[in-house]
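Please model the entire structure based on the sequences and the hints provided.
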Amino acid sequence: GAGVSQSPSNKVTEKGKDVELRCDPISGHTALYWYRQSLGQGLEFLIYFQGNSAPDKSGLPSDRFSAERTGGSVSTLTIQRTQQEDSAVYLCASSQYNEQFFGPGTRLTVL
Amino acid sequence: GENVEQHPSTLSVQEGDSAVIKCTYSDSASNYFPWYKQELGKRPQLIIDIRSNVGEKKDQRIAVTLNKTAKHFSLHITETQPEDSAVYFCAALMNTGFQKLVFGTGTRLLVSP
Chain W
1 GAGVSQSPSN KVTEKGKDVE LRCDPISGHT ALYWYRQSLG QGLEFLIYFQ
51 GNSAPDKSGL PSDRFSAERT GGSVSTLTIQ RTQQEDSAVY LCASSQYNEQ
101 FFGPGTRLTV L
Chain H
1 GENVEQHPST LSVQEGDSAV IKCTYSDSAS NYFPWYKQEL GKRPQLIIDI
51 RSNVGEKKDQ RIAVTLNKTA KHFSLHITET QPEDSAVYFC AALMNTGFQK
101 LVFGTGTRLL VSP
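Those protein sequence lines, which keep their order, are chains W and H. Residues 1 to 111, numbered by this note's numbering, are exactly what the first sequence covers, in order. Residues 1 to 113, numbered by this note's numbering, are exactly what the second sequence covers, in order.
Accuracy of the hints is not assured; some may be wrong.
Stated by the list, open to error - Pairs of lysine-lysine residues, derived as DSSO-like cross-links and limited to a Cα-Cα distance of at most 30 Å, are as follows:
no., chain 1, residue 1, chain 2, residue 2
1, W, Lys-11, W, Lys-57
2, W, Lys-57, H, Lys-57
3, H, Lys-22, W, Lys-57
4, H, Lys-37, W, Lys-11
5, H, Lys-22, H, Lys-100
6, W, Lys-11, H, Lys-58
7, H, Lys-100, H, Lys-68
8, H, Lys-71, H, Lys-22
9, H, Lys-42, W, Lys-57
10, W, Lys-57, W, Lys-17
11, W, Lys-57, H, Lys-100
12, H, Lys-22, H, Lys-58
13, H, Lys-22, H, Lys-57
14, W, Lys-15, H, Lys-42
15, H, Lys-42, H, Lys-57
16, W, Lys-11, H, Lys-100
17, H, Lys-68, H, Lys-57
18, H, Lys-37, H, Lys-68
19, W, Lys-15, W, Lys-57
20, W, Lys-57, H, Lys-68
21, H, Lys-100, H, Lys-42
22, W, Lys-57, H, Lys-71
23, H, Lys-71, H, Lys-57
24, H, Lys-42, W, Lys-17
25, H, Lys-58, H, Lys-100
26, H, Lys-37, H, Lys-58
These are computed hints drawn from the structure, not numbers from a lab.
Pasting the structure below:
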């Protein structure tokens, strides 16, 4: 079946612009995570959605970052007024029970 | 708070040697411990996992051990091959409040021919 998908695969933007990154989880998965991975670094947790519960936003680095999950399915990560240090790969993952399945990521480059 | 520590950060071995990566976790209620492999430019993928009701699990050249009392678990790769070169992440499912998977900081394994 279809795995986790993310779009766009690559995004180049100018400093100060807003960007939206999209994640389509595996159908039926109730949990959805967003991570940021800078080049050669680990998985930086950003935000976690579980069913209809309020999300765990403890990993968002600043108030420029926000995420929504509509209808318990698709999620959008929004970064406002992008900065060069926001450049990274943004990974989405979904799970139903324990195992997380990762999407291919969106590579964001802020010029 | 929720925390998973992973060591070493980098590991270099010769082909055929064994490699061991160790992780410790903070939440004594954690009951699920997966290991992910991330090859260069690829997404992380699950390679093996263990639940708290067992102490060891093996799958061909890889094995994971769990010591619940000490709150640590390890990944063992035997007869390493160059294609084992990747970044490996451990994780623990935290059960305080949200049931959330928390990752370690990763180990870069390099297997030299």
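The hints, checked one at a time:
1. Lys-11/W - Lys-57/W: Holds, because 23 Å separates the two Cα atoms, which is no more than 30 Å.
2. Lys-57/W - Lys-57/H: 34 Å, violated
3. Lys-22/H - Lys-57/W: 28 Å, holds
4. Lys-37/H - Lys-11/W: Roughly 25 Å separates the two Cα atoms, so the pair holds.
5. Lys-22/H - Lys-100/H: This hinted pair holds, its Cα atoms lying about 20 Å apart.
6. Lys-11/W - Lys-58/H: Not OK: Lys-11/W and Lys-58/H at ~41 Å, beyond 30 Å, violated.
7. Lys-100/H - Lys-68/H: 18 Å, holds
8. Lys-71/H - Lys-22/H: 11 Å, holds
9. Lys-42/H - Lys-57/W: This hinted pair holds, its Cα atoms lying about 26 Å apart.
10. Lys-57/W - Lys-17/W: 22 Å, holds
11. Lys-57/W - Lys-100/H: 12 Å, holds
12. Lys-22/H - Lys-58/H: Status holds; Cα separation ~16 Å.
13. Lys-22/H - Lys-57/H: Satisfied, since the Cα-Cα distance of roughly 15 Å is no more than 30 Å.
14. Lys-15/W - Lys-42/H: 27 Å, holds
15. Lys-42/H - Lys-57/H: Since the Cα atoms of Lys-42/H and Lys-57/H sit roughly 26 Å apart, the hinted pair holds (cutoff 30 Å).
16. Lys-11/W - Lys-100/H: 29 Å, holds
17. Lys-68/H - Lys-57/H: 14 Å, holds
18. Lys-37/H - Lys-68/H: 23 Å, holds
19. Lys-15/W - Lys-57/W: 24 Å, holds
20. Lys-57/W - Lys-68/H: 29 Å, holds
21. Lys-100/H - Lys-42/H: 23 Å, holds
22. Lys-57/W - Lys-71/H: 26 Å, holds
23. Lys-71/H - Lys-57/H: 16 Å, holds
24. Lys-42/H - Lys-17/W: Cα-Cα ~27 Å, so holds.
25. Lys-58/H - Lys-100/H: 25 Å, holds
26. Lys-37/H - Lys-58/H: 16 Å, holds
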